[in-house]
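Now for the letters of each chain:
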Amino acid sequence: MTTPTLAVWKFASCDGCQLSLLDCEDELLEVAGRLRIARFLEATRQVLPGPYDVSLVEGSITTPDDAERIRKIREMSGTLVTIGACATAGGIQALRNHADVTEFASMIYPRPDYLSTLATSTPIAAHVDVDYELHGCPVDRRQLLEVIGALLAGRKPNIPAHSVCFECKQRHNVCVVVAHGTPCLGPVTRAGCGALCPAVGRGCYGCFGPAETPNTAAEAALLIGAGMSADDVHRAYRTFNSAAWEEAGS
Amino acid sequence: MPESAGLLDATELPRLFDALRERGYTVVGPTVRDGAIMLAELGSAAELPYGWGVVTGAGRYRLHRRSDTAAFANSAGPQSIKDILHPPRARLWSADRTADGVTTTGPDRPPRYAVIGARPCDLAAMAVLDRVLSAGAYPEPIYTARRDGVFVVAVDCTEPAATCFCTSMGGGPAATGGFDLAMTELADADGHRFVVRAGSPAGAEVLSALCVRAAGPRAESEARAAVAAAADAITRSMPDESLPDLLTGARESPHWADVADRCLTCGNCTMVCPTCFCTTTEDVADLTGEHAERWRRWDSCFDLDFSYVHGGSVRRSGESRYRQWMSHKLGNWQAQFGSSGCVGCGRCIAWCPAGIDITEEAAALSAWRRSERAQPCPP
Ligand code: SF4
Ligand code: SF4
Ligand code: SF4
Ligand code: SF4
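Sequences listed follow chains H and Z, in order.
Note that this note's numbering has the first sequence beginning at 1, numbered continuously upward.
Note that this note's numbering has the second sequence beginning at 1, numbered continuously upward.
Looking at chain Z on its own, in the form it has when it is part of the complex (with noise of 0.2 Å):
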């Protein structure tokens, strides 16, 4: 697909939404509530958070209200586009019993579902997920859906968090691909606009029913040393060698002790990661037996029951689930699904709530293990 981009004023925005609306979509994306930017299905483009932004730590995360009506010059919050396209509860079917047996419907069909504001993180999420859930002969019923009928209007990142390393997981702040339409948010003295490009035939037939100028040479320019900035302002990093080597060989540190003292195997880390797929099936039924629902849900390799075989649960200590979640994410997920299942965003360090960061018990394991490699005879 051919980008050519076009320069849309902020002011055209409800245009966009109406555009999408009337292409039979439903519209989530960005929206300020209970002190975070939260994904919700918005009415219109007011909702955005226009001059916010946000400053974020491990298990830290605060707004602010910036100097501009920038409305994407924040980092991602704790929601991704997982939530939309792979939901926290879905119903896989309902059965009602009938004179002659069981009648069974499921599972529902999805809305159309435009997503505004998609970070790169989240486009390298979806290409995760899409290998995961919806490549091979069974490809998972609801993801699937929801994700032939999406709409991606990405956003370049500007404004890295603190806690972002996409640069380091093969990424970057620039969508390169996986959207409709990506725009790189500029707000500055020349007013608050959007310099954009299609992604695929539908976003190049959004565009044209809106009032797209010609970006011209300074633009653009602007808009990719916005974007270089923002690489250049990442700070954090993965350690520079193969990490699923790395975890491999750490099998045994006792850093993973250390990292249980802290970790209270509360699951926030797998929820609010962009790639952690892993559900659970719930059997509901009403009191009178006639009507039943099996429900799915997000699971986390840090509940007991995740692990539980005949006999009991087989990661029992806070130390094996921790493992199992970083050497799933930065090691095994290579030879499962042949590629890293970290896409660098940071919402597990920021959400955190005892603030643990992956990235630095990735360096302390690294460490860990050239002063084992360092070591001349075993101790």
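So here's chain H without its partners, still in its complex pose (with noise of 0.2 Å):
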């Protein structure tokens, strides 16, 4: 059996998933004695050519090029797995979404017209076939171990779509908003994190982006009743998920 090779690619993103990878200390080399690592420029300048049995994608589609680039990278790739808010969500470049990006790139380069972006960022899914998505700003790399390593064995990965609050209560967590009256995304969003926020008393912000059907619109009322203004519930629903939360209902 040949050793399946694994590529690392990058889009608008700020690194931080494929930073996870490099954070797995203790499995990394047994990671690189089970997948030859073809690609990976955050690791090694080498670069082996594709195709390639296993591509992490990380980032969103922000440019015309980048629209190209990925349709490539998957018809190169056996496995498809894209990782992040950017890259599963357009990640939070996609507030660009519902404002004018011309106007932004004038206030921030003296010469905006050498740009050539889209007006949107979107998720990798909504320009190819994507086999399995990891969420979360940045990912988690319990996740991530379990995605590769089930691979590895040919088996579905568990990856749950259910409420963080599952993860809360498991880890028996006390409940931030019961036994504090602090505002928390947890109900609404989608577990993988293992209820990291709540484990050190704070709400859950909503990194993982919705659960599999999030009642945003109960949430909303919830964190209003916790003291939050409009406003600000509408920020938390648009921070690094926001055209996932958007298309949720929030």
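Honestly, the hints are just simulated from the structure, not real lab data.
Keep in mind that this is a model prediction, so the values were computed, not measured.
Incorrect hints may appear among the rest.
Covered stretches of chain Z (in silico footprint by chain H; criterion: 3 or more residues with CB under 8 Å from a CB of chain H, positions within the stretch not fixed) [what the hints assert, rightly or not]:
| # | stretch |
| --- | --- |
| 1 | 264–275 |
| 2 | 294–301 |
Label pairs and their calculated CB-CB ranges [unchecked claim]:
| # | chain 1 | residue 1 | chain 2 | residue 2 | range |
| --- | --- | --- | --- | --- | --- |
| 3 | H | Leu115 | Z | Arg62 | 51 to 61 Å |
| 4 | Z | Glu372 | H | Glu247 | 35 to 45 Å |
| 5 | Z | Thr280 | H | Ala119 | 39 to 49 Å |
| 6 | H | Asp231 | Z | Tyr138 | 50 to 60 Å |
| 7 | Z | Trp93 | H | Asp15 | 31 to 41 Å |
| 8 | Z | Arg23 | H | Arg155 | 38 to 48 Å |
| 9 | H | Ala67 | Z | Gly289 | 51 to 61 Å |
| 10 | Z | Pro107 | H | Asn158 | 47 to 57 Å |
| 11 | Z | Glu41 | H | Asn97 | 49 to 59 Å |
C-beta atoms are modelled at their ideal positions from N, C-alpha and C, and glycine is treated no differently.
From these two lone chains plus the hints, build me the complex, please.
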């Protein structure tokens, strides 16, 4: 059996999700032993030619070039896994979708005419077929290893789509909403982080995007009841996964 | 088992802890953490929530300091004895590849737990779980092993919460069975002490290792009065009618849509419910593929995957999922296991982030049914 190959790709993003792979310190050598890392610029300059068995794709599509490049990557990839809020939901840069990107560009760049950019930031799945999506800003390293391990074993990865509250209760966190009156997006947010923020007494701020069937209207009413302004609630739903929350009706 | 009431001074609790540990038990009990009374392995009796009280409401729970040093004058926190006997995650088995095949081991042998401060609703829930998980031809191994080894020190409730309604579910604030030791806490001018009774030979044996005086009629009647006052203080209740009939008759009620508008399908109610037993399994393997494990974790009928069959999930709407939870708890549980699935602990009311109250929803369904019956002709 030949060793399967892994390629890591970057689009509009902060590199933090790829970094989660490097952050798998204890397991990284094992990953490198079971998969040939054929392309991972954050780790090595060496690039082996495709096709690749597994591609991890970080980042959103924001330029015409990107839109072209992701098609080629799809053609070269056996299994394509998108990683992180940018790749799965357009990321924080999708805030441009409701604004005028040329106006933004003129505020930042001395010569915006050099730029070639799209009016929107869109998830990878809006352009090509995606096999698995890993949510989060950044992704959870345990979930990343779970997907890699599952692909190697030829089984379906465990990537639950229920609320963060499931993980929160199973971890024996004290609910910050009920016991402290702290606003928390956990009830409408997709699990995967292990209820990290409530574990340290903070409300979830929704970085994994919407759970499978989020009741965003009921949650908004609760957040307002807990003292947030309607504007703040809107902003809470419009951070890392704005397009996904919007689709979920918030 | 005859119940002979003894009196145990609060200063004797460390001896109780020692006695349990000497008998091989891992002691678990309530302690304050992060603004709630949580269950944890306790190193000493000093970790008990002395002087803490609790105020609860729908979707609300707050600790406050009491004027006395009572450790159990508070209602149950989000966790129950289920968390100990039917834990959120458990390894069913693990497998290793060997030269000539595969070896498997498991499940792990659990420690023997002594649960201090189990509430009467915990005991009722344990009896329900016994019927669900341990009775019949195929006892569930993890629950059964933990249950077989457990030593229960129950505490009668003297300060029920506003969310409690055990009295309308056939229970009450007094522990009546299913314990090894049961205590009523008294903290007043006469001191901080416990009227204690044994419920099993193991309980009597532990008591014999402690300094227990005869309670005497005065302490006994004070203890009885405190528990009777607790029963009177409970104000919430379920509608006084056959709940299975109510749930069957209300299947098509428009009220389910009203609940679904508020329900977040977050699953908190089933996680905190001391009788919800549903689980799913997950296989994990290390990257080498040489070692694999099967884990079981709590699942919930609020999860879309819970009703997944080929082609999709059956219960897609929030309405259908809330209806499943309530119909199972209060209705079909009777036919399935011969009792109600609800013991009236009120945890699902307090720990629902949206403050959805199962007693109010039952009352609304009951009102809808009465109004339906009152209609002479279909509209
Ligand atoms: S703290 Fe947040 S995530 Fe945890 S149970 Fe409460 S609402 Fe859910
Ligand atoms: S349904 Fe609610 S009140 Fe009844 S036993 Fe479960 S958590 Fe307690
Ligand atoms: S109410 Fe739901 S989670 Fe609880 S036991 Fe029934 S089906 Fe399972
Ligand atoms: S009833 Fe409350 S706790 Fe239960 S799923 Fe709905 S919102 Fe969550």
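Violations among the numbered hints: 9, 10
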